[in-house]
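What follows is the residue order along each chain.
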Amino acid sequence: DTGVSQNPRHKITKRGQNVTFRCDPISEHNRLYWYRQTLGQGPEFLTYFQNEAQLEKSRLLSDRFSAERPKGSFSTLEIQRTEQGDSAMYLCASSLSGADGYTFGSGTRLTVV
Amino acid sequence: GDSVTQMEGPVTLSEEAFLTINCTYTATGYPSLFWYVQYPGEGLQLLLKATKADDKGSNKGFEATYRKETTSFHLEKGSVQVSDSAVYFCASSSSNTGKLIFGQGTTLQVKP
Chain A
1 DTGVSQNPRH
11 KITKRGQNVT
21 FRCDPISEHN
31 RLYWYRQTLG
41 QGPEFLTYFQ
51 NEAQLEKSRL
61 LSDRFSAERP
71 KGSFSTLEIQ
81 RTEQGDSAMY
91 LCASSLSGAD
101 GYTFGSGTRL
111 TVV
Chain B
1 GDSVTQMEGP
11 VTLSEEAFLT
21 INCTYTATGY
31 PSLFWYVQYP
41 GEGLQLLLKA
51 TKADDKGSNK
61 GFEATYRKET
71 TSFHLEKGSV
81 QVSDSAVYFC
91 ASSSSNTGKL
101 IFGQGTTLQV
111 KP
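Residue numbers (this note's numbering), protein chains in the order written: chain A, 1 to 113; chain B, 1 to 112.
Watch out, some of these pointers could steer you wrong.
[Stated by the list, open to error] Using 30 Å as the maximum straight-line C-alpha spacing, the simulated DSBU-like pairs for lysine-lysine come out as follows: (1) Lys57(A) - Lys14(A); (2) Lys60(B) - Lys57(A); (3) Lys60(B) - Lys111(B); (4) Lys68(B) - Lys111(B); (5) Lys77(B) - Lys60(B); (6) Lys77(B) - Lys57(A).
[What the hints assert, rightly or not] Reference listing, derived: stretches of chain A covered by chain B, where coverage requires no fewer than 3 residues with Cβ under 8 Å from a Cβ of chain B: (7) 7-21; (8) 48-57; (9) 63-76.
What the hints contain is simulated information worked out from the structure, not anything from laboratory work. Just so you know, even glycine gets a beta-carbon here, dropped at the ideal spot from N, CA and C.
Extracted from the complex, chain A is given alone in its bound form (with noise of 0.2 Å):
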């Protein structure tokens, strides 16, 4: 078990660039969520896959983004186009119990210039 594992750790772009996350979750774990972390706030929640399927899409998903999780093993994030309020620390945790066992990955910090 080697934990929750996101890369790239940082990720600078340019406004206008697309940018592609990787969360490989802990292997056993069914359940993936995206969560993101702005400056001085609580995480929020993105989207959730059970397995391969996405469940659950947060408003804050706009058209902009979106998440794959294909074979039900690790899990991408995309974000097209960005902007510079996408700048961020976007957070992978995996599950195998729902919210009593999540396990949360170092994250992903994205500035967009």
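Could you slot chain B onto chain A? The hints should help.
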């Protein structure tokens, strides 16, 4: 919708002082409640949890009691240490998906 409100920080204490960080929630039904901690440069870690009314969660000297009548889950520690300096997040979950609703976080700074 569901929400979590924490006392604003930063909270600055001397070592061995008593700590209280207030947390209240609004939810439909009976959520599970959590405290997470984020040490500088690290990811979120679960500190403690409680799943039903009157449950007390505890870990590393920290405690919190699930109070349904006041919809609160205040975090307490009798004697803080410099190593407790971190950001503390209160969270609730009343969804069968396991989605967490977080408060805004409270920064604790403990001085020697």
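These are the hints, each one checked on the structure:
no.: 1; hint: Lys57(A) - Lys14(A); result: holds (26 Å)
no.: 2; hint: Lys60(B) - Lys57(A); result: violated (35 Å)
no.: 3; hint: Lys60(B) - Lys111(B); result: holds (19 Å)
no.: 4; hint: Lys68(B) - Lys111(B); result: violated (34 Å)
no.: 5; hint: Lys77(B) - Lys60(B); result: holds (9 Å)
no.: 6; hint: Lys77(B) - Lys57(A); result: violated (36 Å)
no.: 7; hint: 7-21; result: violated (count 0)
no.: 8; hint: 48-57; result: holds (count 4)
no.: 9; hint: 63-76; result: violated (count 0)
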